[in-house]
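In order, the protein sequences belong to chains A and B. Start counting the first sequence at 1; every next residue gets the next number (our numbering). Start counting the second sequence at 1; every next residue gets the next number (our numbering).
Among these hints, one or two may not hold up.
Where chains are identical, the list cannot tell them apart; a pair therefore holds if satisfied intra-copy or between any two copies.
[As the list claims (entries may be wrong)] In silico BS3-like pairs for lysine-lysine, Cα to Cα no more than 30 Å straight-line:
(1) LYS76 x LYS60
(2) LYS208 x LYS4
(3) LYS208 x LYS60
(4) LYS23 x LYS237
If you're looking for bench data, these hints aren't it; they were derived computationally from the structure.
Number of protein chains: 2
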Amino acid sequence: MDIKHYMNQVGQQARTASRAMAKADTATKNKALLLIAAAIRRDAPLLRAANELDLAEARKNGLADAMVDRLTLSDKAIATMVEGLEQIVALADPIGEMSNLKFRPSGIQVGQMRVPLGVIGIIYEARPNVTVDAAGLCIKSGNATILRGGSEAIHCNQALAKLVKEGLGGAGLPENGVQVIATTDRAAVGELITMPQYVDVIVPRGGKGLIERLMRDGTVPMIKHLDGICHVYIDDKADIDKALPIAFNAKCHRYGTCNTMETLLVARGIAAQVLPLLAKLYADKQVELRADAEAQVILAGYPYLTSASEEDWGTEYLAPILAVKIVTDIDEAIAHINTYSSQHTDAIVTEDYSRSLRFLREVDSASVMVNASTRFADGFEYGLGAEIGISNDKLHARGPVGLEGLTSLKYVVFGHGEVRE
Amino acid sequence: MDIKHYMNQVGQQARTASRAMAKADTATKNKALLLIAAAIRRDAPLLRAANELDLAEARKNGLADAMVDRLTLSDKAIATMVEGLEQIVALADPIGEMSNLKFRPSGIQVGQMRVPLGVIGIIYEARPNVTVDAAGLCIKSGNATILRGGSEAIHCNQALAKLVKEGLGGAGLPENGVQVIATTDRAAVGELITMPQYVDVIVPRGGKGLIERLMRDGTVPMIKHLDGICHVYIDDKADIDKALPIAFNAKCHRYGTCNTMETLLVARGIAAQVLPLLAKLYADKQVELRADAEAQVILAGYPYLTSASEEDWGTEYLAPILAVKIVTDIDEAIAHINTYSSQHTDAIVTEDYSRSLRFLREVDSASVMVNASTRFADGFEYGLGAEIGISNDKLHARGPVGLEGLTSLKYVVFGHGEVRE
Numbered sequence: 001m002d003i004k005h006y007m008n009q010v011g012q013q014a015r016t017a018s019r020a021m022a023k024a025d026t027a028t029k030n031k032a033l034l035l036i037a038a039a040i041r042r043d044a045p046l047l048r049a050a051n052e053l054d055l056a057e058a059r060k061n062g063l064a065d066a067m068v069d070r071l072t073l074s075d076k077a078i079a080t081m082v083e084g085l086e087q088i089v090a091l092a093d094p095i096g097e098m099s100n101l102k103f104r105p106s107g108i109q110v111g112q113m114r115v116p117l118g119v120i121g122i123i124y125e126a127r128p129n130v131t132v133d134a135a136g137l138c139i140k141s142g143n144a145t146i147l148r149g150g151s152e153a154i155h156c157n158q159a160l161a162k163l164v165k166e167g168l169g170g171a172g173l174p175e176n177g178v179q180v181i182a183t184t185d186r187a188a189v190g191e192l193i194t195m196p197q198y199v200d201v202i203v204p205r206g207g208k209g210l211i212e213r214l215m216r217d218g219t220v221p222m223i224k225h226l227d228g229i230c231h232v233y234i235d236d237k238a239d240i241d242k243a244l245p246i247a248f249n250a251k252c253h254r255y256g257t258c259n260t261m262e263t264l265l266v267a268r269g270i271a272a273q274v275l276p277l278l279a280k281l282y283a284d285k286q287v288e289l290r291a292d293a294e295a296q297v298i299l300a301g302y303p304y305l306t307s308a309s310e311e312d313w314g315t316e317y318l319a320p321i322l323a324v325k326i327v328t329d330i331d332e333a334i335a336h337i338n339t340y341s342s343q344h345t346d347a348i349v350t351e352d353y354s355r356s357l358r359f360l361r362e363v364d365s366a367s368v369m370v371n372a373s374t375r376f377a378d379g380f381e382y383g384l385g386a387e388i389g390i391s392n393d394k395l396h397a398r399g400p401v402g403l404e405g406l407t408s409l410k411y412v413v414f415g416h417g418e419v420r421e
Numbered sequence: 001m002d003i004k005h006y007m008n009q010v011g012q013q014a015r016t017a018s019r020a021m022a023k024a025d026t027a028t029k030n031k032a033l034l035l036i037a038a039a040i041r042r043d044a045p046l047l048r049a050a051n052e053l054d055l056a057e058a059r060k061n062g063l064a065d066a067m068v069d070r071l072t073l074s075d076k077a078i079a080t081m082v083e084g085l086e087q088i089v090a091l092a093d094p095i096g097e098m099s100n101l102k103f104r105p106s107g108i109q110v111g112q113m114r115v116p117l118g119v120i121g122i123i124y125e126a127r128p129n130v131t132v133d134a135a136g137l138c139i140k141s142g143n144a145t146i147l148r149g150g151s152e153a154i155h156c157n158q159a160l161a162k163l164v165k166e167g168l169g170g171a172g173l174p175e176n177g178v179q180v181i182a183t184t185d186r187a188a189v190g191e192l193i194t195m196p197q198y199v200d201v202i203v204p205r206g207g208k209g210l211i212e213r214l215m216r217d218g219t220v221p222m223i224k225h226l227d228g229i230c231h232v233y234i235d236d237k238a239d240i241d242k243a244l245p246i247a248f249n250a251k252c253h254r255y256g257t258c259n260t261m262e263t264l265l266v267a268r269g270i271a272a273q274v275l276p277l278l279a280k281l282y283a284d285k286q287v288e289l290r291a292d293a294e295a296q297v298i299l300a301g302y303p304y305l306t307s308a309s310e311e312d313w314g315t316e317y318l319a320p321i322l323a324v325k326i327v328t329d330i331d332e333a334i335a336h337i338n339t340y341s342s343q344h345t346d347a348i349v350t351e352d353y354s355r356s357l358r359f360l361r362e363v364d365s366a367s368v369m370v371n372a373s374t375r376f377a378d379g380f381e382y383g384l385g386a387e388i389g390i391s392n393d394k395l396h397a398r399g400p401v402g403l404e405g406l407t408s409l410k411y412v413v414f415g416h417g418e419v420r421e
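So that you can see chain A by itself, here it is in the shape it has in the complex:
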């Protein structure tokens, strides 16, 4: 197989299909989504059989349990995929929406129209559910899509691709509106990220290593995030009844997510009061506390106490480990966050009005919170309905990226024969 030739063809087909996807009306797109959902429900046994081929191969190759787990398409996972599509049907169609149409002194009326980005390439790990979620979001937002899932899921992804194409065709949309790359050859990824003539944006979903490689080699713009080094700052004007559950939830609700707190900052004036209470909560979960010298004094006797080094302030543990630092005040907290944060999500706990507003304004992160757990930084919790990913970039989309992040605004002008003087 000539990968360059194949990917060039895939790209051309996507570009052509994107025209029809962009002008499809809401009813047509929803019909396609419901047909795909029905086909998945109908062919669940076939999907599980295809998945079994992938799983057998994975076990033979000694894939880690966690990866086998994510690769597995259980009955529950299939039901969740179908529900996800139905939820996307229920979302408002962002495409074609016009806003801010204002008359100008020249007589023209100018506003903006929301339009699809065009062709979106999505590169993800061996998680078959992402194939359907991503296809659904891209269909609803009027984009053509090229999907490249982890090679361990190739059989299952190809079976899903067939059903997606069936749904698109059944609704009168081009089957190439969604293409799942049919080869496990890694060279296909290299082509996908260097075809700006065919692909408008790449959404990479995966580990930091993958994304760094794509950033280094790619020429197509990306919507991406690398790290989630999130902070909670407990101010000396914090309500302790809020601080304790927030600091506990932000660390212990789930360890492996990008919006989990990795560093706790505590104001000196409240540290002796709040840290021992927090330690009791963390001790139950055997959370290792990597504390600076001052916090170590307060936490003396905590069973999982270690010493923080400079490196800890910039580390995403994704584990029951928490860096702890005492700071003088909100100034030092903001300075620390703006230095070490990955600009993902940071929170303050305070009852002080002015400090809450300063934190919201001055912390330069995609999500900034007052008196809430960082775990809320999520498309569903924010009311976006579903998310294709979370962006740490400043250009285009920042934070959880839903349907709107897959669109752009163009200017529209309603004239009456006006010319420029």
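Put chain B on the given structure of chain A with help from the hints.
For chain B alone, coordinates are given in the frame of chain A:
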């Protein structure tokens, strides 16, 4: 001079200054802008003297008249710069604006806050007025800026930089909020576009060659446009009294601008009626018409008639030359535009309701117009107040880029102690 070291220092200083610029309030930013305006008015004789050094050098080096013209800082140009700053003072401050704050079922209230991008690098030709315009827009939008103007303007730009720093300092803002690169060494540009750790976005303003080079070598995202291959399509349901002035204005109002029409498409059903009338208007301006075979028959006898080749459909003439093509209908017009347009600005002239809506929706360009001249695609005409440039990209900003294009939206969460269940 060690360029790498120097640029690294400039970048670090910009990143540090960006924090103070981002949190500056509206009154402080406006004070800085007015102090700069006053300093420019006060030191006009010094600025003209610095400009004279540049002009003497330019004449010695045999610079083309058009370039000398743009390099010249006349009394009128100085007055226009001052007025431009005063207009930026009058614009609403976009920073800190919060929108769409909605309560979620969890109890948190989620919305978005408009924030600066951070550090903006601007690379432009030897036009001293751009130094002040760009600095003004970046100050008002709370960004730190690194300016790199054409080397022919180095004396004048350094004199202006001094006044900008005086204004920033006078308002209590960091003088490094705006830095004008103090060397004409081209290596400085190479550094500027490869410092993503210090620079959040590059806005290149200049010819296609410059921008292509920056795109090839740069690792910092850019807000840019390469071409302006703009179309007017005269539909067979067009009102001829609108079609004639629009097609004439779009071509002849100014030849060298990116929103000038380069290709005219005419529906077959109206071509024999409209083209001879248009030819009379174009003949006065000696506009060369590069027509396809069918249009040539209608235009037979036109004094500046030549034959269009495939290459003409993709050429930006920036001159009194117009490609002319007969099309069957709106379908062929849209297909032609979506193939050959640079996605800058395209217009339809029609009285047909459904076709006007189809054109607006289906033409994939930054500005799409009905019954108006393409020359309106401009920040001032659109009511943005001023523009830093025009973007042909789909990500982030599309079309004329004003203050808002120099900002981003972050999520803000107002909580009351909520944690994730």
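Legend entry - Hints not upheld, ascending by number: When the structure is compared with the hints, none of them turns out to be violated.
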